[in-house]
Amino acid sequence: MRRIRRLFHRSHTEKELDQELRFHLDRQITDYVAAGISPEEARRRAKLEFGGLERVKEEVRDTRWETRVEILLRDLRFGLRNLKKDRRFALVAIFALALGIGASTVVFSIFYNLFFNAFAAKDANRLVVPVIQNTENTGQLGSNLQPLTLHLADLDAIREQNRVFENIVGYLVEMVLAGDGSQMYQFSSTRVTSDAFDFYGVAPLLGRGIVTEDGQPGAPPVFVMSYKTWKGVFHEDPKILGKILTIDGEPRTLVGVMPQLFQAYGLQAQIWIPVTRTRDTPRADEESTAAVLARLKPGITLGTASADLDVIVKRLALLHPDDFPKHFTARVQSAADSLLGPQGGRTQFHSDMKHLLYDLLAAVAMLLLIACSNVGNLLLARATVREKEMAVRSALGATRGRLVRQLLAESSVLAMAACIVGCLFAWFGMKFVPAILPRTGDLYGGGRLGTESAFGLNPPVLFFALGLTLLTTLISGLAPAVRVARADLQPQLAGLGKGANGGFRHGKLRAALVIAEVALAIVLLIGTGLMMRSFFLLTRVDLGFNPKNVLFVVFAPHTRHDKTSVSPLQKFASPQGLALLRDVAERLKALPGVAHVSIENAMPGYSPSAGPKVTVPGAMHTEEAGIFACDENLVPTLELRMIRGRWLSEREVRTAQYVGVISQRLARDFFGETNPVGQQIQVKAFKGPSDATQDAEFQIVGVVQDVISAGPQHPTMPMIFLPYTVRGGFLFLLKTTVEPASLAHAVQEQVWAVDRNEIIALSSPLEDFLERFTYATPEFGLLIAAPLASISLLLVIVGVFSVMAYTVSLQTQEIGIRMALGAQRSSILQMILTKGARLLVAGILLGLFASYGLTRFLASQIWGVSATDSWTFTAVAVLVVAVGLGACLLPARRATRVDPLVALRYE
Amino acid sequence: MPESKQELLRGTLDMLILKVVALGPSHGYAIAQRLQQISKEFFQVHQGSLYPALHRLEDKAWLQAEWKESETGRQAKFYSLTRKGRKHMNAEVIHWERLSDAVALILRAEEES
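Chain order of the listed sequences is A and B.
Per my numbering, the first sequence starts with residue 1, numbered consecutively.
Per my numbering, the second sequence starts with residue 1, numbered consecutively.
These are calculated hints, taken from the structure and not from any lab test.
Hints should not be assumed to be uniformly reliable.
When the alpha-carbon atoms are kept at most 30 Å apart in a straight line, the in silico DSS-like pairs for lysine-lysine are as follows [what the hints assert, rightly or not]:
#1 A/Lys15 - B/Lys19
#2 A/Lys15 - B/Lys60
#3 A/Lys57 - B/Lys84
Far from chain B, some chain A residues (derived; all Cβ distances over 12 Å) [unchecked claim]:
#4 Gln19
#5 Gly51
#6 Gly52
#7 Arg55
#8 Val56
#9 Trp65
#10 Lys122
#11 Pro282
#12 Ala395
#13 Ala398
#14 Arg405
#15 Arg533
#16 Arg644
#17 Gly645
Every residue, glycine too, gets a C-beta built ideally from N, C-alpha and C.
Could you put the whole structure together from the sequences, leaning on the hints where they help?
Structure below.
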């Protein structure tokens, strides 16, 4: 505080110093006089001894802290003045740095919000998701990792037996019907153990969260609502607390609304309901199992926790062998990995968001380096021009440290301006981020990653931007500063300040910076090029069906109140169930905007993922085939393409005939070129709607073109299409003539018109799933990477241009002499272009070489192309040569217009 | 070489000043006088070094200053040792003693050989 006060009370400090020193002087004089020296002599001697009041003052001032601040401010002011003198340079440099800082800030904000802030939970870094890996079969898709789900009683067992978790909570996502007497709602609801809200540690927006007392049997039934539902369904009614809704037949009181940030326990949960149970509540075998979330005790590693968990879960598996695979290991995964990693959610189709984010961070770091070397280059060019100034200042007594500080002050002025502009860029850029962020989540939920409200220039992101500014100051100011510190400034004073050979060594340094810049840009461009090619290949994969204008409707597996333990499959295979399905189908078909309705059992594009073994009479082998149960309308609904024979007929479906259509791949595997139509195919251990499994024979009536079954990236499974009346199925596909999502509400009304107790778990356009599971993440990567690569190209243009322009201006004299001696314009042009081309080629070669080594880190982001795809490498190299030579052309043409007379007069 | 010598001297001066001020609050002139007396006129502390040193030590909060009436009745700036300064001084003294012991040892060893 004292120091800061002193900064603002300079005159007072000065006066005190003066008084202090004068006191000393006067005392000395007094002492001398007392010793018997004449007053004049005493004064003279004392002054002599003291050695100049002002000098001592100056030295005292130098020790002070505020002096250093003053020098810094003076340096900054001087830097600013210098930059003002050279506006064009300053604008280019600020623009380049601002692009770098802005882009980095945007990417960092994504990274930060998804990795550190996605959960908004307290101690989010210790949150873990227990997972279970089936070691029995390696899984066709290589993914057999599942989040661990447990009966609530077993959760208590883990809670008691573990030594690694601070706490572990459970939750069950389900669909519920709710009514308030006048209106009916369908909500995605999550039942949570009563400690789950305390565990998460996010304060409610209104009222309270769920508390432990709510979990006691006999406690008044309550529920808590999400912000989105409060806003979207209840129009932010401020007096909503206390509202009573009948949820799944039980009246419950609303006690709280959670903030927007809170997206726990079901990414799309609209309401949360406490589970009422005690330690002694017996295990309800028929009840569905709960997903779990745990927090590690401080200091416990993932490995330790995994080992502990594995022992406990294996013990549980001994008690309830039916609940677990025969061979498995249980472990914990960090919550961030679980959300962003390739195994995130419940499906294996999530792309690898985590590595994508790392790759993007690396890309943006390269971009920043390009910007820094660009600015460093500009500063170097200026420093060469200013060599004389530096020499003079050093001759006048400025130490090297002083000169270096001066240069760094200049680059920090640049960086600060760039930081402001960069934050502005980032602010604009971030507006687009929530819109392109990939959606994630499983079939029964899923929303955008992270929290939309969290994107912005929040303090951590701003700190990051400031940190970058500091870093760029150092990096870009470093090259010129080092040069000044090392240079022998003597010859500069001798008048050799400016000349063709003057900057030979720094000429090399500048060239090296340009080469590095080009090389980095090449790496970025190639990376982006590979992602782009991969994405285009991905979108061009033949799906085998047309997902456009198809609405996918799922009845909810009604688990909670059907305690009869009838599976939905069985339920809809009963005569009443079948009648209900047909009734609903008829009503849906009558809706305006619906062209075809098909009842089936799979999500086209992503299932079936496994199936029974099939074989044909006479064949020596069996093969796994996915079973697609459907009706006669699947072909027009999905626009499937028949290859041979015909599709299932309406009569065959209605009367549950054992007939089937096989996919092209299955036909080729078993029949080669011969016609399979009319042949029999045997399905081993066929499992119909009833529990008994037995081998079953089906007559093949047709062959259909392959339909992808594991997303466009993975090979298709051989498939067999059977009547749903034989196999069971309760999903609907609607081919619409209007935007499919717009029909969701009408579909629900039709279902409720048939049965008030049925739940639509999901009605989403089929294209949404393709988007969410397959295209969204690479598209997101591309949408971020492409601007980065473009910016890098732009910076390279600026960099090459400025260096060439500078070289030309240095060589004006030389060019003038050459022209005076009769050199042709074309040969001058060639000379300059050759110089530029040499830099470009060196950079490109280095860049290609680096890319060759680096692109394999992209392997998880690209599909269908090799990481060293020669087409991409060539295209990028050609692009950079073209753009780079273009950037050389302007300075080169200027060189050809040099007037020899003017050039020579330069001297 | 000159750089390191300066450093050494400066460190020594700081320690001596702290030591003098530790005897009781005093103003710059008194400190200069006492330094000269104690070191039996061996040290000629120049004002150009003394005052920057005093201000530096004040900046580091090893000394604190206060304007008080001096023995002649005039206002003077009195420096006194802070707790932090005392701690530093003690550490410095120990360090210095070790150093001079070591130097003495070396010198003696050279004489013997």
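Original post:
Is the straight-line distance between the alpha-carbon of A/Lys15 and that of B/Lys60 30 Å or less?
Top reply: holds, 21 Å
Original post:
So is A/Ala395 really clear of chain B, every C-beta pair being over 12 Å apart?
Top reply: holds, 21 Å
Original post:
Holds or violated: are the alpha carbons of A/Lys15 and B/Lys19 at most 30 Å from each other?
Top reply: It holds: about 28 Å lies between the C-alpha atoms, which stays within 30 Å.
Original post:
Should the label of A/Arg533 as a non-interface residue stand, given a Cβ cut-off of 12 Å to chain B?
Top reply: holds, 60 Å
**OP:** Just double-check A/Trp65 for me: nearest Cβ-Cβ distance to chain B has to come out over 12 Å.
**Re:** violated, 6 Å
**OP:** Decide, holds or violated, for the assertion that all CB atoms of chain B are farther than 12 Å from the CB of A/Gly51.
**Re:** violated, 6 Å
Original post:
Checking the smallest CB distance to chain B, is A/Gly52 really beyond 12 Å?
Top reply: violated, 8 Å
Subject >> Exclusion check [A/Arg644 not at the chain B interface, CB over 12 Å] >> reply: At roughly 93 Å from the nearest Cβ of chain B, A/Arg644 sits farther out than 12 Å, so the non-interface label holds.
Original post:
Is the nearest CB of chain B more than 12 Å from the CB of A/Pro282?
Top reply: It holds; A/Pro282 is separated from chain B by about 67 Å at its closest Cβ, greater than 12 Å.
**OP:** Decide, holds or violated, for the assertion that all CB atoms of chain B are farther than 12 Å from the CB of A/Val56.
**Re:** violated, 5 Å
Original post:
Minimum Cβ separation between A/Lys122 and chain B greater than 12 Å?
Top reply: Per Cβ check, A/Lys122 is outside 12 Å of chain B; nearest 38 Å; holds.
Original post:
Does the claim that A/Ala398 lies outside the interface with chain B hold up, using a Cβ gap greater than 12 Å?
Top reply: Holds, since 18 Å exceeds 12 Å.
In summary, the numbered hints that this structure violates are 4, 5, 6, 7, 8, 9.
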